[in-house]
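A.B. asks: Listed here are the chains, written in short residue letters.
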Amino acid sequence: DVKVTQSSRYLVKRTGEKVFLECVQDMDHENMFWYRQDPGLGLRLIYFSYDVKMKEKGDIPEGYSVSREKKERFSLILESASTNQTSMYLCASSFSGGIGTYEQYFGPGTRLTVT
Amino acid sequence: DQQVKQNSPSLSVQEGRISILNCDYTNSMFDYFLWYKKYPAEGPTFLISISSIKDKNEDGRFTVFLNKSAKHLSLHIVPSQPGDSAVYFCAANDRGSTLGRLYFGRGTQLTVWP
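These protein sequences, in sequence, are chains W and S. Mapping of the first sequence onto this note's numbering: residues 1 to 115, in sequence order. Mapping of the second sequence onto this note's numbering: residues 1 to 114, in sequence order.
Be aware that one or more of the hints could be misleading.
Claimed, not checked - Here are the simulated EDC-like pairs of lysine to aspartate or glutamate, each with C-alpha atoms no more than 16 Å apart in a straight line:
#1 3/W x 42/S
#2 53/W x 38/W
#3 37/S x 72/W
#4 68/S x 24/S
Calculated from the structure, these hints are not laboratory results.
Please work from the sequences and hints to get the whole structure.
C.D. replies: Shown next as structure tokens:
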């Protein structure tokens, strides 16, 4: 079974703190993604990566950065946390091309609260 | 601008009846469509998918229908069960394009009552 794990289920941080969210997948997937989920807004893509050290902006990258130093690990960084970044953060991974289904496998999510 | 739209934020259905969740898309390059199910405090899980070369795909109680000319797909759940109560997301992909990105709708909250 594909497993995507996220470093924390719940996190509380203060405004202005630097926050690291970690995601690890064990299926040798090329693609990895970070989303946030907010009520009424669905899943919004923040950043994604299709290879080690490669990254692409999603729809809402402002206030975030990412790092992918190893294939299995994709980190989301909030440079200076703000209250409007309180959300559920979801990591996902998928194979790239070839198989062509692009089915994404999600982690359990991190509920981040910024106070 | 949203390329995948789920215009009904919520749907309430009695147990045993059919649930029909709808999804529309605008990008004619999309050629693969997926449905995900999400329970509170969990990540979404893949439910069923369909390629644009088909107009129907079944998996047990779940059937997805695709109408390419209308750029519309629907998920049918028959019979509905209380455990089906969750948020359902529709997603689409252009497999000839970049990087495996999926475009998600905003979701429909399905409630199945006894």
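A.B. asks: Would you pick out the hints that fail for this structure and give their numbers low to high?
C.D. replies: Per hint list: 2, 3 violated.
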